[in-house]
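S.K.: Work out the full structure, taking the sequences as your base and the hints as a guide.
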Amino acid sequence: MQTGAAIKESMADRLFLAVLYTILSLIMIAVAYPLIYIVSSSFSSSDAVIGGKVWIWPVDPTLNGYRAVFIYPEVWSGYVNSFVYTVLGTALSVTLTIMMAYPLSRKTFYGRHFFISLLLFAMIFNGGLIPYYLVVKALGLLNTIWAVVVPGALNIFSIIVAKTFFQTTIPNELYESASIDGCSDIRFLLKIVLPLSKPIIAVLTLWSAVGIWNSYFSALIFLNDKSLYPLQLILREILVMNNVQMTSMNLSPELIQKFEDMRNLLRYSVIVVASVPVLFLYPIAQKYFVQGVMIGSVKE
Amino acid sequence: MEPDKTIAAQTSVPVKSLFQDAVKKMMRHWQLYLVIALPTAFLITFNYIPMLGAQIAFKDYNPVQGIWNSPWVGWKHFEFFFGSPYFWPVIKNTLTISIYSLVVGIPSAIFLAVALNEVKHLRFKKTVQMVTYAPYFISVVVLIGMMQIILSPSTGLYGQLARLFGIDSPPDVMGSPAAFASLYVWSGIWQETGYGAIIYLAALSNVNPELYEAAKMDGATRLHKIVHIDLPAIRPTIIVLFILAVGGLLGVGFEKVYLLQTPLNLSASEIIATYVYKIGLIDANYSFAVAVGLFNSVVGFILILIANFIARKVSESSLF
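As they're listed, the protein sequences go chains C and U. Sequential numbering of the first sequence, starting at 377, is according to our numbering. Sequential numbering of the second sequence, starting at 63, is according to our numbering.
It is worth saying that the hints were derived from the structure and are not from the lab. Among these hints, one or two may not hold up.
Claimed, not checked - Distance windows between CB atoms, simulated:
(1) I412(C) to G237(U): 56 to 62 angstroms
(2) K138(U) to K574(C): 52 to 58 angstroms
(3) I412(C) to K188(U): 18 to 24 angstroms
(4) P547(C) to M279(U): 49 to 55 angstroms
(5) L515(C) to D230(U): 55 to 61 angstroms
(6) G516(C) to L326(U): 38 to 44 angstroms
(7) E272(U) to M617(C): 54 to 60 angstroms
(8) F142(U) to L518(C): 25 to 31 angstroms
(9) F533(C) to V126(U): 35 to 41 angstroms
(10) T189(U) to G427(C): 43 to 49 angstroms
What the hints assert, rightly or not - Taking lysine-lysine and the PhoX-like style, the derived pairs with C-alpha atoms no more than 25 angstroms apart in a straight line are:
(11) K602(C) to K138(U)
(12) K663(C) to K188(U)
(13) K188(U) to K483(C)
(14) K188(U) to K287(U)
(15) K483(C) to K87(U)
(16) K138(U) to K663(C)
(17) K574(C) to K663(C)
(18) K340(U) to K182(U)
(19) K483(C) to K86(U)
(20) K318(U) to K602(C)
(21) K138(U) to K340(U)
(22) K340(U) to K154(U)
(23) K278(U) to K187(U)
(24) K513(C) to K287(U)
(25) K86(U) to K182(U)
(26) K87(U) to K567(C)
(27) K663(C) to K86(U)
(28) K574(C) to K483(C)
Keep in mind the model is a prediction, meaning the values are calculated, not measured. Virtual Cβ for every residue (Gly too), placed ideally from N, Cα, C.
M.R.: Below, the structure is given as structure tokens:
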């Protein structure tokens with residue numbers, strides 16, 4: 377009787393659910409459609425794209441858009457640069473985050489509240505763009521890869537999330553028993569805390585990596601040399617400024633015919649190519665990002 | 063017992079032993095100070111030294127004399143900013159974008175979370191989440207690039223659709239000042255609602271299932287349960303996110319607005335962040351740009367304190 381009552385939905389509830397499922401399906405389509413459209417267009421001929429024949433599936437399938445990416449050298453230098461910046465920046469950022477978060481998670485760390493106040497104040501107040509720029513300039517980082525990697529490495533929000541993680545998962549008794557056995561603080565961090573902290577390290581790595589890969593601001597203000605540009609700045613020229621500098625000079629006659637086609641399709645294919653690395657991470661990222669947000673939502 | 067002695071004992075001796083105590087506590091964990099030294103150096107270099115550098119808002123900065131030796135000029139740059147014809151448009155544009163984002167963004171994420179929470183069909187729920195969450199991983203450059211492609215009046219989907227309905231030359235929305243705020247906000251909704259819903263879903267997953275059972279026994283419909291159980295359960299989360307949003311009202315990010323800007327929509331798209339970038343880093347008018355930036359930081363700081371204070375008064379939850 378009771379289980380029957382729990383499962384059975386009233387008429388009003390069933391109607392309510394039907395409306396809900398419909399709305400959610402519509403939201404899902406609205407979110408997915410622009411992505412599908414861009415991917416399908418990137419595999420279609422440029423005539424079909426410009427002529428408005430592409431709606432869902434590719435029309436006149438061709439790989440010309442992707443050939444264009446291959447012969448556009450700046451995309452590749454941007455790709456390599458972004459990769460280097462992401463790896464270095466993430467390694468630095470995760471290391472710094474743990475180095476700050478772990479001591480702050482220890483209740484017996486004298487001065488803990490002073491450091492936490494220092495972090496919180498920096499989170500809600502800042503000196504502004506120009507003084508920040510002048511510091512980077514004074515350190516001689518301008519127009520070097522370090523300008524993209526170093527200044528933004530410390531993320532206060534990540535530190536707070538990591539600190540919460542350490543507080544909730546590393547029991548104090550563990551430290552006490554280790555310290556009785558003569559284990560030092562640094563040894564304890566390296567040998568016991570880090571192996572227990574794989575989930576938070578994954579969260580921090582993904583946050584940082586996706587953030588660096590997708591950002592263009594540091595590169596815009598700190599870099600002049602085009603050979604140092606990350607992928608996002610190259611994309612900005614192609615997609616937003618509509619500045620495609622492709623020369624047909626070194627192309628074979630057969631390719632020259634395809635040239636205009638490739639030029640037009642480049643804007644679609646480059647979107648796909650730039651987003652693929654993040655999409656590979658997506659299944660893992662989704663799991664860990666959710667975990668990270670949940671840890672972040674736990675209040676001390 | 064002599065009162066004088068006890069007072070003396072309470073003041074002088076504990077101070078000394080407090081100090082010794084502190085040193086002892088610090089020595090016990092000296093390695094932790096070693097560990098925290100490097101990130102603290104980063105914090106000071108890239109967060110606190112710029113705060114000191116912000117003093118050039120009150121000076122006429124020139125690179126030869128540097129930050130400390132350039133001459134003081136008082137409030138000159140602030141007065142110039144408050145009196146400049148850019149002041150109100152820039153503030154108005156910034157606030158329009160941020161309030162519009164807040165008013166639409168927070169309810170959208172709540173709606174999605176509450177709706178997903180009602181779905182008992184697990185596969186469907188996972189699929190909706192996975193799809194709505196995906197755009198969060200797209201870079202802002204790619205997002206604006208997609209908008210340019212799709213909203214092009216000649217070749218984009220928007221143009222094609224308009225022609226289907228018999229409009230031969232639809233207006234160029236990407237260049238229109240009137241459409242700017244809506245483009246900014248709704249593209250943000252598209253990109254971030256799935257991500258924003260996660261935090262509310264996490265709060266909803268903590269609701270005691272017995273509450274639902276009890277409500278069911280009392281004859282509550284699903285809508286009743288949403289209003290009387292779900293929404294109160296996520297109230298603290300809403301308040302904290304709202305405080306953060308209010309604190310960020312003047313801090314609209316540079317990256318997206320700058321990419322969406324065109325000479326045509328500048329009257330609606332020039333915000334504080336892009337204005338500071340242009341007068342500071344493009345025109346190298348450092349002191350003036352710092353004054354504008356500092357004004358922004360101080361107002362943002364005050365806003366977040368006020369929001370936090372009000373939240374603490376009217377409810378249990380606050381940020382700090």
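S.K.: Regarding the pair K574(C) and K483(C), is the alpha-carbon distance no greater than 25 angstroms?
M.R.: Holds, because 22 angstroms separates the two Cα atoms, which is no more than 25 angstroms.
S.K.: Are the Cα positions of K663(C) and K188(U) separated by 25 angstroms at most?
M.R.: 11 angstroms, holds
S.K.: Are the Cα atoms of K340(U) and K182(U) separated by 25 angstroms or less?
M.R.: 51 angstroms, violated
S.K.: Within a Cα-Cα threshold of 25 angstroms, do K602(C) and K138(U) meet the stated pairing?
M.R.: 38 angstroms, violated
S.K.: If I claimed the Cβ atoms of G516(C) and L326(U) lie 38 to 44 angstroms apart, would that claim hold in this structure?
M.R.: 39 angstroms, holds
S.K.: Compare the distance between the alpha carbons of K188(U) and K483(C) with 25 angstroms, and conclude whether the hinted pair is satisfied.
M.R.: 39 angstroms, violated
S.K.: Is the straight-line distance between the alpha-carbon of K340(U) and that of K154(U) 25 angstroms or less?
M.R.: With a Cα-Cα distance of about 18 angstroms, the restraint between K340(U) and K154(U) holds, given a limit of 25 angstroms.
S.K.: Is the Cα-Cα distance between K188(U) and K287(U) 25 angstroms or less?
M.R.: Between K188(U) and K287(U) the Cα gap is close to 22 angstroms, so the pair holds against 25 angstroms.
S.K.: Is K483(C) close enough to K87(U), meaning Cα to Cα at most 25 angstroms?
M.R.: 11 angstroms, holds
S.K.: Given the hinted pair K663(C) and K86(U), is their alpha-carbon gap at most 25 angstroms?
M.R.: Outside the cut-off at roughly 43 angstroms; violated.
S.K.: Would the pair K138(U) and K340(U) pass a check requiring their Cα atoms to be no farther apart than 25 angstroms?
M.R.: Given that 25 angstroms is the threshold and the Cα spacing comes to 19 angstroms, the pair holds.
S.K.: When you check the alpha-carbon spacing of K483(C) and K86(U), does it fall within 25 angstroms?
M.R.: 15 angstroms, holds
Comparing the model with each numbered hint stated earlier shows that hints 1, 4, 10, 11, 13, 16, 18, 24, 25, 27 do not hold.
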